[in-house]
Amino acid sequence: MVGWFRITSYICVLKNLIPMNQLVKIINSSVGRKLIMALTGLFLCTFLLEHLYGNILLYNNDGGEAFDEYSHSMVHNLLIRIVEVLLFAAIIVHAFQGIVLTRKNAAARPVNYAIKKDSETSSWFSRNMMLTGAFVLFFIVVHLYSFFVPYRISGLDEGQAVSQLVKESFENGWYSLFYFVSVLLLASHLNHGFQSAFQTMGINNKKYSPLIKIGGTAFAVLIFLGFASFPVVFYFGWMG
Amino acid sequence: MSETINLTLKIWRQKNSASAGQFVSYEMPGVSTHMSFLEMMDVLNEKLISKGEEPVAFDHDCREGICGMCSMFISGRAHGKLKGTTTCQLHMRHFADGEIITVEPWRAAPFPVIKDLVVDRTPLDKIIQAGGYVSVNTGSAQDANCLPVPKKDADEAMDAAACIGCGACVAACKNASAMLFLSAKVSQLALLPQGQPERKERILNMLSAHDEAGFGNCTNTGACEAECPKEISISHIARLNREFLGANV
Numbered sequence: 007m008v009g010w011f012r013i014t015s016y017i018c019v020l021k022n023l024i025p026m027n028q029l030v031k032i033i034n035s036s037v038g039r040k041l042i043m044a045l046t047g048l049f050l051c052t053f054l055l056e057h058l059y060g061n062i063l064l065y066n067n068d069g070g071e072a073f074d075e076y077s078h079s080m081v082h083n084l085l086i087r088i089v090e091v092l093l094f095a096a097i098i099v100h101a102f103q104g105i106v107l108t109r110k111n112a113a114a115r116p117v118n119y120a121i122k123k124d125s126e127t128s129s130w131f132s133r134n135m136m137l138t139g140a141f142v143l144f145f146i147v148v149h150l151y152s153f154f155v156p157y158r159i160s161g162l163d164e165g166q167a168v169s170q171l172v173k174e175s176f177e178n179g180w181y182s183l184f185y186f187v188s189v190l191l192l193a194s195h196l197n198h199g200f201q202s203a204f205q206t207m208g209i210n211n212k213k214y215s216p217l218i219k220i221g222g223t224a225f226a227v228l229i230f231l232g233f234a235s236f237p238v239v240f241y242f243g244w245m246g
Numbered sequence: 038m039s040e041t042i043n044l045t046l047k048i049w050r051q052k053n054s055a056s057a058g059q060f061v062s063y064e065m066p067g068v069s070t071h072m073s074f075l076e077m078m079d080v081l082n083e084k085l086i087s088k089g090e091e092p093v094a095f096d097h098d099c100r101e102g103i104c105g106m107c108s109m110f111i112s113g114r115a116h117g118k119l120k121g122t123t124t125c126q127l128h129m130r131h132f133a134d135g136e137i138i139t140v141e142p143w144r145a146a147p148f149p150v151i152k153d154l155v156v157d158r159t160p161l162d163k164i165i166q167a168g169g170y171v172s173v174n175t176g177s178a179q180d181a182n183c184l185p186v187p188k189k190d191a192d193e194a195m196d197a198a199a200c201i202g203c204g205a206c207v208a209a210c211k212n213a214s215a216m217l218f219l220s221a222k223v224s225q226l227a228l229l230p231q232g233q234p235e236r237k238e239r240i241l242n243m244l245s246a247h248d249e250a251g252f253g254n255c256t257n258t259g260a261c262e263a264e265c266p267k268e269i270s271i272s273h274i275a276r277l278n279r280e281f282l283g284a285n286v
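From first to last, the protein sequence lines are chains A and B.
Sequential numbering from 7 applies to the first sequence in my numbering.
Sequential numbering from 38 applies to the second sequence in my numbering.
Any given hint could turn out to be false.
Calculated cross-link-like contacts (lysine-lysine; reagent style PhoX-like; alpha-carbon spacing at most 20 Å) [unchecked claim]:
#1 B:K237 - A:K31
#2 B:K152 - B:K52
#3 A:K213 - B:K52
#4 B:K88 - B:K47
#5 A:K212 - B:K189
#6 A:K123 - A:K31
#7 B:K237 - B:K163
#8 B:K52 - A:K123
#9 B:K188 - A:K213
#10 A:K123 - B:K120
#11 A:K212 - B:K163
#12 B:K84 - A:K123
Footprint (simulated), chain B over chain A, 3 or more residues, beta carbon under 8 Å [what the hints assert, rightly or not]:
#13 37-49
#14 106-112
#15 125-138
#16 179-186
Just so you know, the hints here were simulated from the structure itself, not pulled from any lab data.
Ideal Cβ placement from N, Cα and C applies to all residues, glycine included.
With the rest of the complex left out, here is chain A (with noise of 0.2 Å):
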C-alpha cells in the first residue's frame, strides 16, 4: 500500500514538471502539427547530405574499398546508432503527421468547386506534397528492403561487398529507373518542403526569405544531381 502511494506521488511529481495538457494542447493544434513536420522535415534533409556524401565514396576509383569502409564505420558507430533509431522515428512521424493533416484538409473543404485555378496562384509541387510524399515513402520501403535488410538484418552473401550490391542493383534497368523518377519527385518534395519549413518556423522577412527560397531550391537541385547520377552512371557501366 505504501509502495503504490510512493509510485503514485512519483507520478504526481512528473506531471507537475513536465506540463503534459500544455504539451498535448501544443502537438494537436494546426501550427503544433506543422511544427512537427517542420523540424522531422529538416532533420531528414541532414540525412540526405550526410547520405549523399558516403554515396559520393562510390565514384572514389578503388573498386569500393572507400565506400565499403565507411558504411562498416557506420554500423560500429554508437552514436550513429542512435541517430539512426531518430531518422526511422523522425520518418514514421513526418509520415503519420502529414498523413493526418492531409485527411483534416480534406475535410474542411467536403464539397469542391466546380471550376478553381489553383495553378494561377501556387505551384503544383506546394499543393501535391501529400502525392509526392507517399511516393518518395514507397521508394523509401524499396530502398530499404534492397540495401538496408541484406545489408543489416539478413546478412550478404559471403564475400559480398555492399558497394557490389549497390552496382548490381543499378544494372537493372527498371530498378534505376525507379531509382531515378523516385529522386526526382523527392527533390520536388524538398523544393517546397525546404523553404516551407522555415516559414512555419516563423523565419519570414525581406531580407532572408528570398534566399532561403533559393537555398531551397538549390538543395533540391544538389540532391537530385547527386543522387540521380548513381543509377545513369552505374546502369551505363560509366565506373568500373
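Chain A is already provided as a structure; the job is to place chain B on it using the hints.
The following block gives chain B in isolation, referenced to the frame of chain A:
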C-alpha cells in the same frame, strides 16, 4: 473596346442549407462594360423578379471594397481574376464578349451555404471573439506621444489591419484554412504596445477557435496572399507561428 458584351452566367442556386444545389445558366446579352460585377448581378436579379422568378441571393454592403461582404468565387478565383480587388470593385470590362462565367459560393466546411451564393461566415467572428481585441480598460485616451511606436511596426500593423474579413483566403486555400485571416488579426495587435498585455492568451485562444471551427491547416502554398483583396502577405502567418512559439516556450 465595345461598350457592351454578351455573357453566359452559370450560377450556383441553392434554396437553403438543407437542400441540394445546382448550377443554373442565365444568358446576359448587352452587359455594359462600365458595370461592376455586383451591378451586373443586380440587372440579372431585376430580370428574374420581372419574370416572377426568385432572385439570386448574394452578400454585399458598402460596394466600395472596404466592408468584406461580397464573396463570390468567379470562374475559379476568389473575387474573380483581378489582383487585389473585391467582387464589387471588379468591373465587366475585364471580361470578354461571349465569355461563360461560373459563379460559386465560398466552399469550406465552416462556411455552410445559407442560400445561393450566401455563406455563413460567423466562424471568423468566433475567432475574433476568442481574443482579437484589446480588453484592457485604459481610461481616457492618452497623449499619442506617450506610446512610441516605430514607423516600421505601425506600417506593418496597418497592413495587417487592412484585412476586411471577407474570407477569400479560406475560399482560395486548398485546405480551406483561415490562417491568413487569423494571422492578420494576431499580427496587428502583436505589433502594437496596446496588444502586449494579452499577447500570449490571444494567440492560443484564437488558434483554438480557428481549429475548433474546422478550418484546415496552412501548407504554405501562398494561394491566400495571391487572392486577398487587401494583398495581405503570408509573412503575417510566419509572425503568427512565432507568436505561437513565444506563447508556449
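Results of checking the hints against the structure:
Between the alpha carbons of B:K237 and A:K31 the distance comes to roughly 14 Å, so the proposed pair stays at or under 20 Å and holds. For the suggested pair B:K152 and B:K52, the alpha carbons sit about 6 Å apart, so the restraint of at most 20 Å is met. Distance hint between A:K213 and B:K52 is unfulfilled; the C-alpha atoms sit about 51 Å from each other, more than 20 Å. For a cut-off of 20 Å, the pair hint linking B:K88 to B:K47 stands: about 18 Å separates their Cα positions.
As the CA atoms of A:K212 and B:K189 are separated by approximately 13 Å, the hinted pair is consistent with the 20 Å bound. For the suggested pair A:K123 and A:K31, the alpha carbons sit about 35 Å apart, so the restraint of at most 20 Å is broken. A C-alpha spacing of about 18 Å is found between B:K237 and B:K163, which places the hinted pair at or below 20 Å, so the restraint holds. For the hint pairing B:K52 with A:K123, the CA-to-CA distance comes to about 27 Å; that exceeds 20 Å, so the pair is violated.
At most 20 Å may separate the alpha-carbon atoms for a hinted pair to count; B:K188 and A:K213 meet this at roughly 18 Å. A distance of roughly 14 Å separates the Cα atoms of A:K123 and B:K120; the hinted pair therefore holds under the 20 Å criterion. Taken as a hint, the A:K212 and B:K163 pair is broken in the structure, with Cα atoms around 32 Å apart against an allowance of 20 Å. Of the supplied pair hints, the one linking B:K84 and A:K123 is violated, its CA atoms being roughly 30 Å apart against a limit of 20 Å.
As drawn, the segment 37-49 of chain A meets chain B at 5 residues by the rule of a beta-carbon pair under 8 Å; at three or more, the given contact holds. For the segment 106-112 of chain A, the proposed coverage by chain B is satisfied: 3 residues have a C-beta within less than 8 Å of a C-beta in that chain, meeting the threshold of three. Coverage of the segment 125-138 of chain A by chain B holds in this model, with 7 residues showing a Cβ closer than 8 Å to a Cβ of that chain against a need of three. Counting residues of the segment 179-186 of chain A whose C-beta lies closer than 8 Å to any C-beta of chain B gives 0; at least three are required, and the coverage claim is violated.
In summary, the structure is inconsistent with hints 3, 6, 8, 11, 12 and 16 from the numbered list given earlier, while agreeing with the others.
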